[in-house]
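Fit chain B to the given chain A structure using the hints.
Heads up: the protein sequence lines correspond to chains A and B, in order.
First residue of the first sequence: 165, per this note's numbering; consecutive thereafter.
First residue of the second sequence: 165, per this note's numbering; consecutive thereafter.
Honestly, I wouldn't trust all of these hints.
Chain copies aren't distinguished; within one or between two, either way the pair holds.
List time: in silico BS3-like cross-link candidates among lysine-lysine, alpha-carbon distance up to 30 Å [as the list claims (entries may be wrong)]:
(1) Lys265 <-> Lys202
(2) Lys265 <-> Lys248
(3) Lys248 <-> Lys271
(4) Lys178 <-> Lys202
(5) Lys186 <-> Lys271
(6) Lys202 <-> Lys229
(7) Lys202 <-> Lys186
(8) Lys265 <-> Lys246
(9) Lys248 <-> Lys178
(10) Lys178 <-> Lys265
(11) Lys246 <-> Lys229
(12) Lys229 <-> Lys186
I should point out that these hints are in silico values taken from the structure, not numbers from a laboratory.
Number of protein chains: 2
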Amino acid sequence: MKTNTQQWSETDQKIAQEALRKAYTRETEALVAEINQKASQITQISDIWALNDYLNSQRYNIDGKYDCRESTSIFVLAQLVKEKWLTLDELTGLTPSTRAKVGALAKMS
Amino acid sequence: MKTNTQQWSETDQKIAQEALRKAYTRETEALVAEINQKASQITQISDIWALNDYLNSQRYNIDGKYDCRESTSIFVLAQLVKEKWLTLDELTGLTPSTRAKVGALAKMS
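Next comes chain A alone, as it looks inside the complex (with noise of 0.2 Å):
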């Protein structure tokens, strides 16, 4: 399967940007939403370490997975569809090619 990120169109590249930053406002407000849930049982010293180790770990997720530099990976596209942060139908307007790519290794990964 090729998966060369030069293939890309410039429309498939707006789509893919476009359906980035929509997952990203998704998943960062999830976040948002578990940390105001998580924090609110907070009472011990070790709680607050687990949090810190826990926020830790999305920001080293979220940073790596959102990267600039990776916005057109078919890679990053089909671990989000994978995480369900986007959908496939959100792609529509890909090459079809690429979003078949996309909705293979989804499944596959």
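Relative to the frame of chain A, chain B by itself:
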């Protein structure tokens, strides 16, 4: 000013360790209250990363300060007095010259 920890008597070490335990409890309870308050104000992802940075710095600070290998350091006791997690009165029972050094360092630092 001599600050060599090897001059500490067993009684001094016990008093210092008990003082450290008190200060640790106070400081970590204050942090729990502070984080509860900060977390209740989180509304967006930038607030979460700011909280993450703050927790990382607090963890580094607390882990370092209360490292048990440092339990009889007059520098740590002086820092805790300066930060108001301990009072000099709570170090009553220490060899007077040691307590005086802690007090002097707390003013100097």
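Which of the numbered hints above does this structure break? 1, 4
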